[in-house]
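Trainee: Listed below, chain by chain, are the residues.
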Amino acid sequence: MPKPVTILIGALGGDGGGVLCDWIVSAAQSQGLGVQATQIPGVAQRTGATTYYVEVMPAGAVPRTTSVLALNPAMGEVDVALATELLEAGRMIFNGFVTPDRTTLIASTHRVLAIGERMAMGDGSFDVGRLLRAVKERSRAQILFDMDQAAEESGGVINAVLLGALAGSGKLPIPDGAFEAAIRHAGKSVDTNLAAFAFGRGHARGELEQAVREHRKRQTAVQGAEDLVERARRTLPVASLDIVEEGIRRLTAYQDPRYAVLYLDRLDAIHALGSAELLREVARHLAVRMSFEDVIRVAQAKTSAERVARVRAEVRAKDHEPLEITEHFKPGIEEIAAVLPPSLAKRLLGWGERTGRLGKTYFSMHVRTTTIFGFARLRLVAGLRWWRPRTSRYVEEQAEIERWLGQIRAASPLGIDLAREIAESARLIKGYGDTHKRGLGNYRRIADEVIAPALAGRLTPRAAADAVANARVAALADPEGESLSKTLVAIASATSPLKQAAE
Amino acid sequence: MLDQPAAQLPVSQRTNPERSFTEEVRALRLGEGEVFRGEGILAVTKAILQSGVAYVGGYQGAPVSHLVDVLVESQDLLDELGVHLETCTNESSAAALLGASINYPIRGCVTWKSIVGTNVAADALSNLASPGVIGGALIVVGEDYGEGASVIQERTQAYALKSSVWLMDPRPSLPTIVRCTEKAFELSEATNTPVMMELRIRACHVTGEFLAKDNVPPAISRNHRLAHPAAHNYDRISHPPSTYAHEKIKVEVRQPAAERFIVEQGLNELLPGERSDLGIIVQGGITNVLVRGLDRLEVEGKVPTLVLNVTHPLVPDQIVDFCKGKRAVLVVEEGAPDYIEQAIHALLRKRDVDTKIYGKDVLPMAGEYTAEVITEGLLKFFAQSANDLDISGPRERFEAARAGRAEAQRLLGGPLPLRPPGFCVGCPERPVFSAIKLLEREVGKVHISSDIGCHSFATLAPFNLGNSILGFGMSLAAAGAVAPVMQKRTISVMGDGGFWHNGLLSGVASAMFNRGDRVLVIMQNGYTSATGAQFIPNTSGNRRDGETTSDISATLKAMGVGWLRTIHTYNVGTMLKTLREAMSTDDKGLKVIVADGECQLARQRRIRPQIAAQLKRGERVVRTRYGVDDEVCTGDHSCIRLSGCPSLVVKPSPDPLRTDPVASVNNGCVGCGLCGEVADAAVLCPSFYKADIVQNATWWDRLKWKVRSKVIGAMAGA
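The listed protein sequences correspond, in order, to chains A and B.
The first sequence: position 397 = 397 (our numbering), numbered continuously.
Convert by adding 503 to the 1-based position in the second sequence; the result is the number in our numbering.
Calculated from the structure, these hints are not laboratory results.
The hints are all genuine.
Derived lysine-lysine pairs resembling BS3-like cross-links, with alpha carbons at most 25 Å apart: (1) A:K346 to A:K360; (2) A:K330 to B:K1080; (3) A:K330 to B:K1193; (4) B:K1119 to A:K188; (5) B:K1091 to B:K1060; (6) B:K853 to B:K751; (7) A:K318 to B:K1119; (8) B:K665 to B:K751; (9) B:K805 to A:K3.
For clarity, every value in this text was computed on a predicted model and none was experimentally measured.
Kindly produce the complete structure, drawing on both the sequences and the hints.
Mentor: Right, dumping it as structure tokens:
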């Protein structure tokens, strides 16, 4: 029997895969071609992934052959594979449907992270490098571009871009006009879909410049730190300057130039250890740790000059459209104590402890920062930064930072890897409220149960570095801290023999 | 702004919000000789109208929902033809509907998802099959089996066998499906037996075309009513002693008649082939996979193949004649148990035919028969039965493809992140599970009895809440013996769909009756949303007159439920407080929380066009959505772990000093407010903000905005 052109489509719920199928089918029918499509929508319609399978007979094939068109794709027998997202392209490759001898892969390069990837406490996204490598090596030809972006630019939907790319690939005996007619016939948001179709076809034929999504790192702008930047440039290695300069700007804005000086002084001590790499890592984490998140910083961020513009862009408010922003705050006793002097903070927390209000009493505030009064309130809090050095939180944080830097300095003679791992473990300390408490708790457990013994020489530097790294990864594995506990137990058991040897 | 009741909408405009079927409705009106184009299930719908059905009913469920959905929107056509449409509240009421054909010569068709629906319908089905019918009775079941299925994997075949109901499994090509549908009514009448027709998922959605016929108005119908009921005839009542007679008639009269009809009408197909010593017997529904498998092995058209478009009853003579003189015959039968293969074995043994039968020995006993599975089975079959056949080439290609897949998986370092189905953007059910997660932070893990419906997605990431699923509307009953052995109270979650389908009686009545000290959360979103947002008794607006039929709270009160709270779901704080109270109150009876929030999918499909129109008219519209301050977010993602909203995504941190990606709200956001609520209830972080964008602003809006921007700008600069 004459062989049909086989098309497999991988899509996410909401990508309009079904409509894409309908377009292909009606375009084929308009050319008098035998065609059959089927799908397994099921509950995949609800945010899951699903597939559609289409077979198109070559021109001039007898109609009866349509009766043996397949309803399932077969390994190694797919001519064109379409994917609305990169991981779904990977899935079709994983299942053996996309093959180097036969399949033209038409896929969007953008990623929509799966829930498992988004849930991670750090960065849990699947290695895009692996995906792209598989795409290149396991398909015969590729048409790859950011179709989400293209849809964005054309004002249309991704399925129309994909249809355009399919037309552009020239893999089907169907002229562009027939596809466009199919879009018109369907009659829904015709103009935008036609625009998206044209975009897709243009990209497929390399007629269009690929718009690259930019993930620009934002830099804090601030004056009055030029001399400090100068000092850094004189004393510190070039390799670390981008980070250090950002750190200087960040801390000057966060507190004042004097605070940035403290930052540089601390870095000089690390620089003395002689590893530029270590310096760079410490410079990064130190700047973050020194600009710890207290209510003052949040108020600073929420009232910064560029913020409203940024929000307008993000929520796509047109220039003439008024915008109201409402902030969600819920400070508790701890947040209040954090901005009091240590002595007062201690008494307040003690009282909270006794009355059982600690971790129970919160003040839910919805502040509208686009109203004059609301903005002024936050501005007032932001203005408290002169007071920050007197707050209990400041005192605690500085102590923690000194302890951490001390460990790094102590570790570097034993092994630079260990020192770097200790520096990196600061990554665990982030967030607000419970999140911060949990992160700090994990960090302290690691400091006590792994770093301390390591510095006491009860682990070989190599083993110690691995131990700290493993503990850090484990701490980011689950919020309940189960895998961290397991890992710490394992490390402890590994520590003991050395201990005996030491005794 | 959220949750305007649907009742504000005129009935005429109130259609199935999942999608509208105008195209499909037009297809149902096609006349003699016109070309029908569309999906398999729609072809069946057209075919039953061409067969002169007097009544249609069913209960929604993939993959057959569209049959009833499309007819719901074809009321005018149904009125013209005089076809009665009943949107049943469960499958047993649908099966009972066929009772009309016991006493009256009228044709009827009902549909549901199998196996689950057939389970629910079983009682009525047995009582229908026993006396039998005089009017053609067809049951279209969606065989929800294999990839994309959402239910337990069992075969409808079992019911056909035990109740002596005939089962069709047509080859998935529209002309065949249509012919089988039409013949099914004739078969039913020729044998006084209801007929089931099973369609697998891909067959229901397969596209194709066929030559339409005119629709046939039934002789007896809503439009042509009978003056008198049928004369009393005890033979038509499934009650002893009639039932003893029925049992005999089934096997002595009806089955032989069915076998004759199948042969006379040529319902099963014989695909010829030159190899007289080999043969294949295949379920109609699997034919395409098989034929393509043979083609893959370059033996297409070589092996005679008997296609069983009717898989019960088998026709002994047909089977024997096919097998006689053959060395080996392969039976291709999907799923377990292997009823057909066993029957064929017994048949040949009785007739002393020594043909070797292959089947579940070369093909897997369980699981979908995909292209790969069939190909491997065929390779084994030919290797064992016809070593003179040279299939070394195809075999190598097949092995190579597998090796290639292994290589691909090595490259990817598999397995890839899964994409389990989850709650839609702004789903009103998500906040309830956020609240339950927060509750568990306080009181520890709770036994959660889950149910069928969108809310069963809570058993998946990121919530992972739920200990069991016992069927549709069964969650409360399923906790009956768990609660007594638990120190903490159990929580049963049930949808309003499940409540009306079964939960009201199997769950609530039984719990009340037994004084069960349990907690029940009813998700009142107003539709059976997982199946395509069909209407149910508490939908604000019945499809006939726009009146709400039954209110859940009123029903529960009437049944004597004492502890009853109705909570707006998006209010996570209140929901948490209420759950806490339900878990700790001294009230020892059933405690019910009605979690109220309209299905967001339905709501969006309804209001989007309305809003578009308002904007066109230049009216003031406030668009609300949420956002995350990426300067404030530190990339812990606990907000995602507590919500999992598809529009709550992560993006690379814009902070040069931070590496962990930060949370971000994309433009899918519908402004339901859950992320803000969760951040508030769980005391997460101050990153979230709510943005109200005023479209078509009034002069007052603009003035306020100008003044504020000026002053604020000045302050910010300061």
